[in-house]
Amino acid sequence: MSEALEDLVARTALGDRAAFERLYLATRSKLFAVSLRIVRERALAEEVLQDSFVNIWRRASDYAAAKSAPMTWMTAIVRNRSVDLVRRTREEPDVDDTLVAGLADENAAPERDAAARADAHSLKRCLAELDPEQRQTIALAFFHGLTHSELAAHLRRPLGTVKTHVRRGLIRLRECLDRKGVSA
Amino acid sequence: MKLSRDAAEALAAEYVLGTLRGPARKRFAALAATDATAANAMRRWETAFAPLADALPPVEPSERVWRTIRAAIAPRAPGTPSFWKSFGLVAGGMASVFVAFFLWTAVAPTPEPVFVSMLMGPDNTARMEVSMYKPDVVRVKMMKPWKDMPGKGLELWVLPREGKPRSIGMVKNDMSETVIRIAENDPRVEGARGLAISMEPMTGSPTGQPTGPVLCSGTIAAVRQT
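For the record, the sequence lines run as chains A and B. Note that this note's numbering gives residue 183 to position 183 of the first sequence, counting from 1, and the numbers run on in steps of one. Note that this note's numbering gives residue 1105 to position 105 of the second sequence, counting from 1, and the numbers run on in steps of one.
Just so you know, these hints were derived from the structure itself, not from any lab. Even glycine gets a Cβ: it sits at the ideal position worked out from N, Cα and C. Just so you know, not all the hints are guaranteed correct.
EDC-like cross-link-like pairs, simulated, lysine to aspartate or glutamate; straight-line CA separation at most 16 Å [said to hold, decoys possible]: (1) K163(A) to E133(A); (2) K30(A) to E1060(B); (3) K67(A) to D1035(B); (4) K1164(B) to D62(A); (5) K1141(B) to D1186(B); (6) K1147(B) to D1174(B); (7) K1144(B) to E1162(B); (8) K1026(B) to E133(A); (9) K163(A) to D131(A); (10) K1134(B) to E1060(B); (11) K1141(B) to D1123(B); (12) K1134(B) to D1174(B).
Negatives, chain B to chain A, calculated, CB over 12 Å [stated by the list, open to error]: (13) R1139; (14) M1149; (15) P1213.
So here's chain B without its partners, still in its complex pose (with noise of 0.2 Å):
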């Protein structure tokens, strides 16, 4: 379906205002979700009314809202769908990371590294190694490959501090060490809080983001500037 911008503009004004029910709402919010004229007469019209809503004087709700929302998005068994949730619901083994980065720092020769995380799964085991000694190699060290994945194969993505994650690249599923040549100052690590491996083709993501679950992910501490 496509709107003129008068009509798209009718309809967003109602559909912000709420004065549009039933079917047609419905069908104005699937619109908006494809349709960039839609959507954005929609967000004018959020915005037009924002300090309205602001003005209400505010109300506290019960304690048990919080509670509620908190019991609903608590980490679940693995298997959860959504990537963010899963690189949520193993960033709770960021403590351990935390002591394996000073161990080793203590202990390593020179030279320093850029970064080193130790990812882990949702059980807590540590799965791999992922450190940068160079500006431009990301070396991958397996510590506990995947069983029984046919098929499949270990994406590695970069999760910037903002924005979505961004593929390094694959990773074998072995006891071998996969390295991944980067260029110097690549973009996809700059601003890097973390590194999660999603489970995807073997060809990689077809979409360019992570479509399968999160197998194991890390924090990074610091990125030293290179």
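Okay, chain A solo, but in the shape it has when bound (with noise of 0.2 Å):
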């Protein structure tokens, strides 16, 4: 699959079209998954999509193979138009607490390859190593694009302890990352 979607970006690099189309096809509805849980109407997460998808036919052929995957670089383009547009619009952050709670569950995403498999795994792991507000607070951040004061909101808890909490987190999730030598 993955290799599949590497020489669909190529060919739209060269601007085929036909490519192109099938690369949307092939992605369109777990990019879409992720800007909605982000922005939350579905009209503006279509145009994040639209948005996201010109901005990969312009910058295709700037797109490095060697240094991620091509999911993983269309996942960050339309991740990174979502937290640009969401911070317009929002209100009230409106979150899916299960997702949250799923987070640490190791059977909760069928991985395609073994690679991708073991990385989601070793993720899993060292998600589960972290304090459970560490936790909460980055998967929170991570599917909803809510920034510090939404967290501490949500949370109920100072603004001040929702930073320690992010930026520890982190700090122990590299770590962990680093030790089971996660690719990239």
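Got two chains here, each in a separate frame; can you build the complex from them with the hints?
Here's what the structure looks like:
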């Protein structure tokens, strides 16, 4: 699967519209889900998806396969666009706590190839090693695009405490991932 | 701005997580575009979090999303800025290129060419024929030169299957034939899938990559082993 996506990105870089359409068809529903969690409105998430794919079309020739997987590269474009857009429109964070709770669940994600499965497994193990509050703040921020203040409001914790949870959680996560030798 | 590894790491983590906001977010994005330490840290975090995004149940966007994207990337009138987009723009003339190729090979005497490619402009007019009969010579036969290009030259590029365009040399903007000598098994021609001409300064692109608009392009059906 990821090999096919790399091929489609490479063809897109050469201006192949048919390949670009196949790339869109292969990834749209995953990427739309990523954006929808963050921006929460379908119309806005569709705008994000449109902008992101126009960006992917234009930047495909800059994509370096050696540095990240195609889906990682495209997800980053969609997430960044979502985070940029949501700041202007968000009122109340709308949070799916089951998603957050399922984070340390070993069986939650059916990964495709062995390397991806191993990385997903390591990430889950490392998230499970965090304090529950650290894990929760990181998951809320990642899935729902909450800011520090939104996290504080949602968790009913002081802003400084939330910032500390995020910072320390990320440091511990990195240490754990390095220990497990996660790729990249 | 130069950051310590730890600082770059911490900023990258919060950037990818999404908690870095406002001007700090913009500053980090700008830094990552130029600073390798920041860029590497950012990619490492993107990769680390990739399984989380993959765990989300897919949601189908509406049909109109693709229609909007397709309209946004549709070919436009000449003068489109991006090199690759311009190539896509003229690649539509592909069918006629194949026809030209087969017609030629049907009537041509030996020797068999390595390739013959007709380069078409955005308006689908044939501009030049680029051919290679010998493993170390590229010939460009102009069919329709460009008018009103004072101080500008034509640079010929090979479009490889992967990676960036490779310059082959400058082409004369008149009805004469340009002969460009290359090395046998020249790596610039390897894996070629197309050719394009961009408008550049008389001395060639200052960056080694196309800077001006693409004036014409064509595909290469197959590069024979030489």
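Cross-check of the supplied hints:
no.: 1; hint: K163(A) to E133(A); in the structure: holds (11 Å)
no.: 2; hint: K30(A) to E1060(B); in the structure: holds (8 Å)
no.: 3; hint: K67(A) to D1035(B); in the structure: holds (15 Å)
no.: 4; hint: K1164(B) to D62(A); in the structure: holds (9 Å)
no.: 5; hint: K1141(B) to D1186(B); in the structure: violated (21 Å)
no.: 6; hint: K1147(B) to D1174(B); in the structure: holds (9 Å)
no.: 7; hint: K1144(B) to E1162(B); in the structure: violated (30 Å)
no.: 8; hint: K1026(B) to E133(A); in the structure: violated (28 Å)
no.: 9; hint: K163(A) to D131(A); in the structure: holds (14 Å)
no.: 10; hint: K1134(B) to E1060(B); in the structure: violated (53 Å)
no.: 11; hint: K1141(B) to D1123(B); in the structure: violated (19 Å)
no.: 12; hint: K1134(B) to D1174(B); in the structure: violated (23 Å)
no.: 13; hint: R1139; in the structure: holds (24 Å)
no.: 14; hint: M1149; in the structure: holds (24 Å)
no.: 15; hint: P1213; in the structure: holds (14 Å)
Violated hints for the displayed structure, listed by number in ascending order: 5, 7, 8, 10, 11 and 12.
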